[in-house]
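Sequences are here, hints too, so could you generate the full structure?
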Amino acid sequence: MSTTTLTRLEGAGPAAAPPSALRLQPFRTVSGGLIDRCSPLPFSFDGRRYMGVQGDTLASALLANGVRLVGRSFKYHRPRGLLAAGSEEPNALVELRGGARREPNTRATVAELYAGLEAASQNRWPSLALDALGVNGLVAPVLAAGFYYKTFMWPAALWERLYEPMIRRVAGLGRAAGADDPDAYEKVHAHCDVLVVGGGPAGLSAALAAGRAGARVILVDEDFVLGGRLNAERREIDGSPAAEWLSATLAELRSLPEVRLLARTTLFGVYDHGAYGAVEREGDHLAVPPEHAPRQRLWRIAARQAVLAAGALERPHVFGGNDRPGIMLAGAVRTYLNRFGVLPGHSVAVLTSGDDGWRTVDDVAAAGGRVAAVIDTRAEAPPELRRRAEALGARVIAGGHVAGTRGRLALASVDVAGAGGRTERIACDCLAMANGWNPLVHLDSHLSARPVWSEAIHAFVPGPGHGHGPDAGMRAAGAAAGRLTLAECLETGGRAGAEAASACGFAAVAPAVPTTDPEGVAHVPLWRAPRSRGKAFVDFQNDVAASDIELAHREGFRAVELLKRYTTLGMATDQGKTSNLSGLGIMAELTGRTIPGVGTTMFRPPYTPVAIGAFAGHHRGRDFRPTRQVASHAWCVENGAVFVEAGLWRRPAYVPRPGEGDWMVSVSREVETVRARVGLCDMTTLGKIDIQGPDAAAFLDRVCANAIGTLPVGRCGYAVLLREDGLMMDDGTVARLGESRFVITVSSAHAAKVMQHLEFCRQWLWPGLDVRMASVSEQWAQYALAGPRARDTLRGIVDPDFDLADAALPVLGCAAVTVGGGIPARLFRLSFSGELAYEIAVPAGYGDAAWRALMAAGAAHGICAYGAEALSVMRIEKGYPAGAEINGQTTAGDLGLGALLAADKDYVGRLMKDRPGLADPDRPVLAGFHPVDRGARLRAGAHFFGLCATPSLAADEGSMTSVAYSPTLGHWIGLGLIRRGSARHGERVRAYDPVRGGDVVVEICPPAFVDPNGEKLHA
Amino acid sequence: MPETEVAARPASSAWQPRSPWEGHARPGRHGRAEGAPGLILQPRGRSGLALLIAAPGRDTELGNRLAAHLGWSLPEPGRTRIAGERGLIWAAPGQWLALAEAPEDLRELDTLLDGVAAVTDQSDGRAVVRVSGGRAREALAKGVTVDLHPRAFGPGRTAVTGIAHIGAQLWQRDAEPTYDIAVARSFAGSFWDWLTAASAEFGYVVEPGPRA
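Quick mapping for you: the protein sequence lines, in order, are chains L and Y.
At the far end of the first sequence sits residue 1019, using UniProt numbering, and the numbering has no gaps.
At the far end of the second sequence sits residue 212, using UniProt numbering, and the numbering has no gaps.
Check each hint, because a few of them may be wrong.
SDA-like cross-link-like pairs, simulated, lysine to any residue; straight-line CA separation at most 25 Å [what the hints assert, rightly or not]:
(1) L/187 to Y/111
(2) L/187 to L/87
(3) L/187 to Y/76
(4) L/187 to Y/176
(5) L/187 to Y/95
(6) L/753 to Y/160
(7) L/187 to Y/147
(8) L/753 to Y/95
(9) L/753 to Y/176
(10) L/187 to Y/149
(11) L/187 to Y/100
(12) L/753 to Y/137
(13) L/187 to Y/93
(14) L/187 to L/624
(15) L/753 to Y/178
(16) L/753 to Y/149
Think of the hints as simulated: they come from the structure by calculation, not from any bench.
Remember, predicted model here, so these are calculated numbers, not experimental data.
Structure, rendered in structure tokens:
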């Protein structure tokens, strides 16, 4: 939540730099800018050490050191330099940091310099200056648009093995770290009345207007210094340097308690209902974020109103060789000069199609640079501007254009074609391009608003669409609205801020509009040079040239959507910020249409790339999603239990004892202990729903397919729940605690779904029933105590006044008791193992104590804890269906529960269960399976086929759903669904599992393998 | 089996309740060590918490009985009426949470509200933590989507929401600000991990919780 900005260090300030630091930066000016020359920052680029200063970006520091070649282009590996000074930079993508913190594809123009920053160029081998793949430039003619589609089509088999890996190696961008990110990320939710996007003159005016009215304001800006282009231009407000207005405005905004200024924060997306996404780079400008602080924060901002004051981006010129390092946007040249105290070149030429570019002339001269020439593409250069430039010694060429450029790895000269057709060579090491500005309509179009063409500024401006306009809560101001001059920014920004605050109910007035120095805005864009030599790039990042657009035109890909996909124009990580309009302009020329006639491109979030880590925030690794702990968790951990994830729950799977090297040994021992003595299992994960009210019984009769209403108080029953479509939803148990009070337990995995279903039935199907329900899943710890010695063990914790004899608490009985000397508990005589068994529920706070007490009480009887694995083995041994069988495709009849369904009442799913498909006697139904060769292993997922059948879909008879090694029987057993299974006991079939190489002959048998008559249950 | 729970007697000493925060909350100063702590986290003990669900059309009768016997009045949606550690918290349409010092204090509600509201004991089902301090709002904003700004939310307000993918109900006790946050008991560990991660940059103190 840092809002730090550097204080402006004006010319005569304390900026006497250490001579050593400056000597190392040959292009650094002696004074001026928002940098601290007294705070040198060492850094490295491609292994070489350099010195920058506090306030630099990596880009400005490299320029100050005379490093102009910063990357190789994506496709042709052409040498590239800095084009821009902001986040729109297409060329200077670098790798930052090393080791686990290495990050690819950051634009050097937004990488804030810090001491020790390690940066490396990308997409070159073996080095930037000597790139072996630069030969791609020589074969450029075959690498034109559509190259991939045309070349790598045949033979198709080579695509995965050869073409794709090859293309990835050649065209790859940076490298990911390949190790866990050591830094923390987090998410923050924020709310405000007015969100202001952009901290330039328009945004600050808007924030001021809204903030003064008392509105809650959040202003975000992607830069680490607020002020926007006020920091990049030499402007005056109210007769003083703009910096004075800026610092006074920032001071006032900081004094307003409800105004929050977020620098280093990119508003990357606009979403429905006033939701905005932003990412704050809180620690990116530090080598390592401070302890306990995140590297980045993802802000989810809910705003009632928003002011889009994101500014505008300057457009390059399209001419042959326009990508040579040293050729930059004119506004970027002024940013480097005025904000960073860096001369982008000693001899600067300016190529402009409007008055705006001429600003560069004075700025270069003021910083001590030489202006070699000004080429104005308009027929007439404004006389006053021409006089001033010529007075500075510049050659002025009106009605001209650049026809070619020269220089090996950086610009050395430009060939300028004059109005008369004569070409002259002008030596320069920097060419500043000014071709008009595009309002940043990105965020406005995230909600599908189409920008509209403005003839006044020859650019698209926000239109009256869905995302824009007061109704939708977003209004544009300043350059983002196409109001490009400083005076307009101040005026429209203040007005938009006041309107936004008023829309939120605040009495807001626009601040008085200060006066500004005059600025010329006349402008006639030139979409490409009429004649030039060499590749003329439109999209620098994706290496799309004007010739590619001509090719697309020739081949019929003229619609803007097709143009984009055929040429990849605008499809790089910069989303075509500097290229889209030039592409449209050229296509408009080729087709003889207007630019809006050709179309426009819309923008999707994110505005700039956002690290995945920021979206994950806290939720990664162990915290990827929340986990739930069972009541006996502490005991299980102390005793070395192995856990298994069951939904969000961490359930003990088994509790190995010393010397048990294999999970099956532990599980078998747990099963044998339960069958011979007694075992304790944590069933807290079961869904438990308390149902009360005079109509509770009637309600349950309608949601359960079997008879429930007749259940006596103090008894439990099996419950079958069907879905509306007649298939099984879940099974569970219902206990009648009182005349009008029940508690129903359902599978852990279905707990939330069943609760939702019951609430739907209550609220929507039968609102007239007086029944109320509450989840008590978390209130009660519930344990299964099973085995011949279960009653003896239970006796050790239940208070003595309660009779546990079979007569008092028979099978399916339930009782309220107390344990441990007065703690309320519920006792249910339920068994999932076929043994004498109880489920005991205690208030969850006593869950740990009850577990320990049961383990202590059972010690004399040979008790062991058993986990989900043994539980599953025993239910398979008993043939009870569970999640693998109640899988959303089976009916109660399929699972052998048909006899339970009540014939004399209505219930959810009653009619649909009888539809032809579900009543088909040929359906796969539940059966048991044991291997004919008792030593063979069974596998769930195997499909059943007749012994002589060839496996095929048509011959498929069903599948194995659950298997277990039964220690009771000494061999593997399985449950499965097979056609007419209940009538085929004794028949043999193949259990065929080609995935794992299994092919076992199995015999179909009744599903209950152990104690089929349930004698042990009634002990 | 009677409809109400068996009257409780004092538990023997071997049966100590376990706090849902045990094993997670470590008393003391954590996170940023410099300066005053931004937050105080106080794991709450096993207080009484019961969900009251009014029978259809019996809201008024429910309110009357609570007022007559306990001096409580039903809060409006999104509101609480709490004095000290006792009172009512709105929980859903027609549903309120009754709050008391101990679970036993709410045992009489079942009888008192017979016929007008279903009462389910949730004293053990929820883990409650009290969060206060000058940076509490900023820390909570890392997971709470509800606007907690004083203009939008204040003492006497409650919200049922999700925090870090965990269902939660929070209510504000005072303007310091102090919030009580209740999550399902089994989620206590994951919730604590989030809460402490969110608080770390401000520095926080965990007050010793009761044993349960």
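Going through the hints against the structure:
no., hint, in the structure
1, L/187 to Y/111, "46 Å, violated"
2, L/187 to L/87, "23 Å, holds"
3, L/187 to Y/76, "32 Å, violated"
4, L/187 to Y/176, "24 Å, holds"
5, L/187 to Y/95, "32 Å, violated"
6, L/753 to Y/160, "20 Å, holds"
7, L/187 to Y/147, "15 Å, holds"
8, L/753 to Y/95, "21 Å, holds"
9, L/753 to Y/176, "40 Å, violated"
10, L/187 to Y/149, "18 Å, holds"
11, L/187 to Y/100, "35 Å, violated"
12, L/753 to Y/137, "34 Å, violated"
13, L/187 to Y/93, "31 Å, violated"
14, L/187 to L/624, "14 Å, holds"
15, L/753 to Y/178, "34 Å, violated"
16, L/753 to Y/149, "35 Å, violated"
Hints 1, 3, 5, 9, 11, 12, 13, 15, 16 from the list above are not met by this structure, while the remaining hints are.
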